[in-house]
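Line by line, the protein sequences are chains A and B. The first sequence begins at 1 in the numbering used here and counts up by one. The second sequence begins at 417 in the numbering used here and counts up by one.
Honestly, the hints are just simulated from the structure, not real lab data. The beta carbon of each residue, even a glycine, is placed where N, CA and C say it ideally should be. Treat each hint with caution, since some may be false.
[Stated by the list, open to error] Here's a subset of chain B near chain A, in silico, CB distances under 7 Å, partners left out:
#, residue
1, Gly-431
2, Val-453
3, Gly-503
4, Val-507
5, Asn-531
6, Arg-629
7, Cys-703
8, Tyr-723
9, Leu-724
[As the list claims (entries may be wrong)] Take a look, some chain A residues computed to stay more than 12 Å from chain B by CB distance:
#, residue
10, Gly-9
11, Val-41
12, Val-88
13, Ala-89
14, Val-127
15, Val-178
16, Leu-189
17, Arg-199
18, Leu-201
19, Ala-203
20, Lys-204
21, Val-246
22, Arg-269
23, Ala-278
24, Gly-346
25, Ala-402
[Unchecked claim] Within a straight-line C-alpha distance of at most 30 Å, the following computed DSSO-like cross-link-like pairs (lysine-lysine) qualify:
#, chain 1, residue 1, chain 2, residue 2
26, A, Lys-222, A, Lys-173
27, B, Lys-500, A, Lys-38
28, B, Lys-620, B, Lys-500
29, A, Lys-84, B, Lys-638
30, B, Lys-589, B, Lys-620
31, A, Lys-222, A, Lys-180
Protein chains: 2
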Amino acid sequence: MRIETICTGDELLTGLTSDTNSRFFQGALLDRTGLTVKRSVVVGDDRDDIIEALDAAAARCDVVLVSGGLGPTSDDLTAECAAKAAGVALVQSDQALRHLVERFEARGIVLSENNRRQAMVPAGSEVVLNAEGSAPMFIQVRGRCTLFYVPGVPREYRHLVGAFVVPRIAALKGGAEVRKLALLKTVGLPESHLDERVRPLAAKYPNVTVGFRTHPPENHLKLLAVGTDEAATSALLEQVVAEARVVLGATCFGRDDETLPGVVLRALRQRRQFLALAESCTGGLICELLTSVSGASDAFYGGACTYLEAAKTKWADVPEGLLAQFGAVSAESAEAMARGVRDGTGVTWALSTTGWAGPAGGDAQNPVGTVYFGLAGPTGVKVEKHRFHGDRERVRSFAAFAALDLIRRSLEGSPS
Amino acid sequence: MRIETICTGDELLTGLTSDTNSRFFQGALLDRTGLTVKRSVVVGDDRDDIIEALDAAAARCDVVLVSGGLGPTSDDLTAECAAKAAGVALVQSDQALRHLVERFEARGIVLSENNRRQAMVPAGSEVVLNAEGSAPMFIQVRGRCTLFYVPGVPREYRHLVGAFVVPRIAALKGGAEVRKLALLKTVGLPESHLDERVRPLAAKYPNVTVGFRTHPPENHLKLLAVGTDEAATSALLEQVVAEARVVLGATCFGRDDETLPGVVLRALRQRRQFLALAESCTGGLICELLTSVSGASDAFYGGACTYLEAAKTKWADVPEGLLAQFGAVSAESAEAMARGVRDGTGVTWALSTTGWAGPAGGDAQNPVGTVYFGLAGPTGVKVEKHRFHGDRERVRSFAAFAALDLIRRSLEGSPS
């Protein structure tokens, strides 16, 4: 099966935005079907270019995924070009219009003439409504080629590609092959170490493909079992997952859809315990990660982002004298922040961060990238010093994940 | 001038690596010459696909930049395909071979037969030695089209593209067209409304292209002025930017590289004022956005993520009775949180959020997506109620940006 992608959008050709969507599709397609994309094309918002690209791809492919250019503005040309290239009219989809009207009514916004354009699709195409946005997805068949048209907004793209496009391609492909995928997620383990640890597994199981995915600060081990029988392939995968978990030990925090904040909250919930935070250099990021999980309020008290020294005193009861004596970035501060928040709020666990995220700040003893963590719990306060590398964003994100991993390991070592 | 890019490499089509090189070229090209790339193609390591892509691009372009596939291994096919597509032989470049021999000798490594392949180029092409690596760059002319072939290793690519390719394209272009780009950024204005507001501008200035970019929760207006004279084109762009700013009014928060958190911090800094937060449903996200800006500590005090009711009382001094009477998601709570944090910390501005991010929670009066904002400032407390749509992540992100925009507008309306 020959598969190609076409993305439209001037912004993808001027160095401002890169096409991250295609990478998502490529990965999902490979995992689910074993197929790879043969060509990936980006064209600007130009009718002739779009039509030429559609015609050339339709002539040589079994499947084409087209994204972008389905919005309500005058530079959104994809539906019009799709109709023109196939030599059919652009017609109104009543189903798509109803979806638009309902969506706008629910928001109390008036549907403009521009928005109505989003209900226009090439005659003969199949419409799939988009639960994440106003523009529908549509599917067009030209000869032996099936063309999927999806919006380019990443959230909408990912939803539609994951829920409709990739499953439809898998159905078009047919065949007897069974593929089962597992992801084991680690934090704090470099990819090269991960590779060395699991290499013996790869040699032992020829029907399981071992791969890696880097999602900084996490590294994921990808295990893909291929076979002809559903049950046997699942059993093979579970066996390799079990062996990999032994090899990875405590560095593996979860599997598949599990997230580090989700795992931490679940462990707290199981123990009927609460966590509170005092964040300095991570600036609210750990809070944000924990509260991104729905239902966090049954295990998460809240967090103080104690950015200024005054805030450390006000919200985390850190004595002013201690900050003056040891500095805000110190083991003593981290300890006092965690202890102060734990005592002040009455939670079981309090976690603190203080460090230099950069690019400014730091000194010889605590250069940029240095972060102290404090974890106050039932048996006292533990302090750790880490050094992270990279820019401000990277230091903050690695520090936030390391802090969550510290509380995870401490919880796993404590009674459930 | 029509310019396209072709990148080769299977790794760019399996979701593992994305093509960051093209984005570098696009940006450098636009900055240096004002030209934009019309199409960007990625093909795998397959002879037929590479040759077909080269022929199609050479037939319609003035310039093609080809990258990747110039290494020493057997899946490096670009030089061979470039020769075959042009119908010429692959010949040894003595200059390139000398460079290879010297490079390897300097490193004390023996030149392998594979490495010698890197000195083979299509007959008639111009060779440019590569100071950063072993594979040379070569330039091939086919009819009216100039094709540049550069290695895909990012360091080598950037060096050769910056030092040779872009300057050569500027020379080919000669003293023709000048292009100047501006982005105006808005929040809280749907893309379709943005389009309607600026449509008269597009009609008035035929030499300025008006486009849109959606970066939820922001929408950006893109203005591209085209002319023949550097100063006149800049002046034209500035005139349209000034008119667009009038049309957009207060919905426009910044231009080009400016960010909403950065604009808020700058406005505070100019007034020597500090901001503190009490976040409930946004869960630390506003904190995180503000502290992602280096130097935030000269205008940002910190924030309390008051997730549980107890946290609202502890850190934002909200009376327990008030929460019991009105509920945590209420105008009264938002007001009390902002007032409590402002009084407790001594800052000039305190901003609060409380609402239902979903999917759980909400009631008839305050359904999921309802968020109350409180802003306590020198003249009292202002409360706003908003309703956002979409999933938890979307509600939180739209609420965080709306909150930042509330403080921005209040600052802009207050003495500087």
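For a quick check of understanding: which of the numbered hints are violated here, in increasing order?
Hints 3, 4, 5, 10, 11, 23, 24, 28 are the ones this structure does not satisfy, whereas the remaining hints hold.
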